[in-house]
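Undergrad: Produce the entire structure from the sequences given, and follow the hints as far as they go.
Number of protein chains: 2
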Amino acid sequence: MALRVTALAGGVGGAKLVDGLAAVLPPGNLTVVVNTGDDFDHLGLRICPDLDTVLYTLGGIANPTTGWGRDHESWNFMASVKAMQGADWFQLGDKDVALHVLRTQALRQGMTLSQFVQRVSHSLGIRVPVLPMTDDPVPTVVETEEGDLPFQTYFVARRCEPKVKGFRFEGASHARPAPGVLDSLTRADLVLFCPSNPWVSLDPILAIPGIRQAIASRTVVGVSPIVGGRAIKGPAAKMFRELGLKAEAIAVAEHFKGLVDGFVIDRQDQAQAEDIQKMGIQTLVTGTVMHDGAARASLAEDVLNLAGTLLEMETTP
Amino acid sequence: MALRVTALAGGVGGAKLVDGLAAVLPPGNLTVVVNTGDDFDHLGLRICPDLDTVLYTLGGIANPTTGWGRDHESWNFMASVKAMQGADWFQLGDKDVALHVLRTQALRQGMTLSQFVQRVSHSLGIRVPVLPMTDDPVPTVVETEEGDLPFQTYFVARRCEPKVKGFRFEGASHARPAPGVLDSLTRADLVLFCPSNPWVSLDPILAIPGIRQAIASRTVVGVSPIVGGRAIKGPAAKMFRELGLKAEAIAVAEHFKGLVDGFVIDRQDQAQAEDIQKMGIQTLVTGTVMHDGAARASLAEDVLNLAGTLLEMETTP
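As you go down the protein sequences, you meet chains A and B in turn. Mapping of the first sequence onto this note's numbering: residues 1 to 317, in sequence order. Mapping of the second sequence onto this note's numbering: residues 1 to 317, in sequence order.
Everything labelled a hint here was simulated from the structure, so no lab data went into it. All C-beta atoms in this analysis are idealised placements derived from N, C-alpha and C, irrespective of residue type, glycine included. Among the clues, some could well be false.
Among chain B residues calculated to face chain A with C-beta under 8 Å, some are [unchecked claim]:
hint, residue
1, 83
2, 84
3, 98
4, 108
TA: Here it is in structure tokens:
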């Protein structure tokens with residue numbers, strides 16, 4: 001019987017693996033819980049980058065080159081904003097902006113983020129339940145040597161240049177998991193930490209009260225977002241180094257020690273497998289770079305196999 | 001010496017004549033006061049159709065075919081809204097939506113509509129002061145045989161089909177003219193009623209307290225929006241008929257009797273000139289259909305000549 005999986009995901013890497021899981025799991029066996037710490041208001045619009053990347057990817061309308069944003073996108077909105085001297089440091093495509101406008105309107109009318117995501121998922125024909133980690137605002141603040149920066153200011157406006165000292169998820173302690181999140185985690189055979197940034201994609205999810213507790217008794221598998229000492233996408237490796245850690249798969253495993261039962265690393269990092277294994281974490285070495293749909297599905301299968309082994313070990317006396 | 005002109009304008013016809021005036025008058029001699037009765041909230045965005053048509057036209061970025069909207073426009077935003085089952089009855093181009101997003105943000109941040117229009121005018125290199133009639137909301141309600149309809153519902157969603165019984169400008173009695181409006185009218189040598197819809201473009205402006213009084217002592221010239229029994233654009237002719245009036249240039253002159261000193265009609269309506277003249281309104285017959293920039297400037301010159309004659313008559317004992 002197919003496993004019930006709840007995946008915790010950030011943006012591009014998370015979206016790709018979730019897409020692979022959706023391809024190999026029966027509908028109804030997969031739920032995605034998405035980081036909303038990156039969400040922010042820009043040009044008066046509410047923007048949820050990770051949620052949108054997951055929705056676009058599962059809806060089959062993501063930009064295949066960038067992994068985020070819409071396919072066949074045009075940029076006349078942005079050019080027009082710029083011509084009118086509006087803020088143009090955050091790129092919004094013409095198709096993409098429609099989602100932000102509809103969301104901003106819905107939230108202002110009193111709809112929750114969860115409800116809006118559900119409505120859009122339905123419109124886009126997405127059958128996998130996509131859940132924001134919370135409907136409450138929990139903005140990630142990046143503590144840098146230049147002071148505290150809102151996440152998108154650090155990430156986009158400042159291109160991750162300021163040296164990182166730490167992270168804060170504002171309001172997390174009072175936030176409630178979005179409807180369905182705890183329920184789906186509690187019922188999951190496997191909780192998957194997607195290959196997303198540990199610091200700013202997965203930690204915000206884990207900071208929501210109740211989520212750590214809900215996964216404590218679950219079988220948890222993580223996939224390293226760091227391959228060959230580099231992040232496939234984004235600043236994860238740079239963050240590890242700036243925090244005085246090695247930017248290696250094993251550092252990610254170390255970060256999640258006590259939470260993950262299994263860990264998937266890339267063949268390039270095979271040499272680290274033994275040390276991760278010594279931490280009491282069942283380690284699988286495979287190809288983790290998802291160049292295409294087949295690679296997404298293949299990694300999903302590998303993850304499920306590792307989870308199957310772990311679950312079998314649990315039930316074997 | 002060139003006249004100081006303040007033009008009262010609605011959308012396309014008004015914008016074209018104002019553009020003609022801008023071409024023949026020295027900078028500083030022209031001010032435009034624009035109808036905001038058509039303004040409405042749509043998809044959570046504040047949309048001001050007449051103001052935008054005037055801004056795009058004076059900025060040289062209007063769609064030359066439609067007369068409204070942006071040139072070289074694309075429609076990916078709208079397609080994306082539709083795909084997500086958002087409201088798609090009001091067309092918003094990708095470039096156009098940038099203006100609505102920026103305006104919505106500015107208004108929410110406490111900027112007035114006037115201030116926003118000034119900022120955008122500056123960005124677009126528009127040297128003619130463009131003033132909304134008021135910064136207060138004064139939505140036009142169309143009283144029809146099917147009941148009261150918000151203007152854009154009547155105009156766009158219902159394609160002007162419901163039979164008109166009357167019009168209401170909600171909140172007009174408490175609205176204040178936008179900063180600069182009364183001042184510009186009081187200082188004008190000529191107040192021009194552009195060839196805009198009398199019922200839903202010019203009457204809303206005249207409904208703002210203080211505006212009628214300010215123009216009472218001014219030389220006022222109107223240009224008929226009805227040519228050969230038809231409106232060049234929009235439902236003006238249909239409205240006249242449904243209100244039991246003839247859809248003719250003379251009916252427009254009759255509508256503004258007591259306000260206008262001079263009136264400009266098209267050659268097609270030459271037969272009505274004598275009767276308009278008998279109403280005590282100095283009438284000029286010329287080509288009023290503005291097919292191109294030259295026609296805009298030419299009509300502007302005709303209007304200024306008529307105004308010159310009227311002003312001379314006033315000062316001649």
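Undergrad: Hint by hint, say whether it matches the structure.
TA: Hints, verified against the model:
1. 83: holds, 7 Å
2. 84: Holds: closest Cβ of chain A sits about 5 Å from residue 84 of chain B, inside 8 Å.
3. 98: holds, 4 Å
4. 108: holds, 6 Å
The structure fails none of the hints (numbered hints given earlier).
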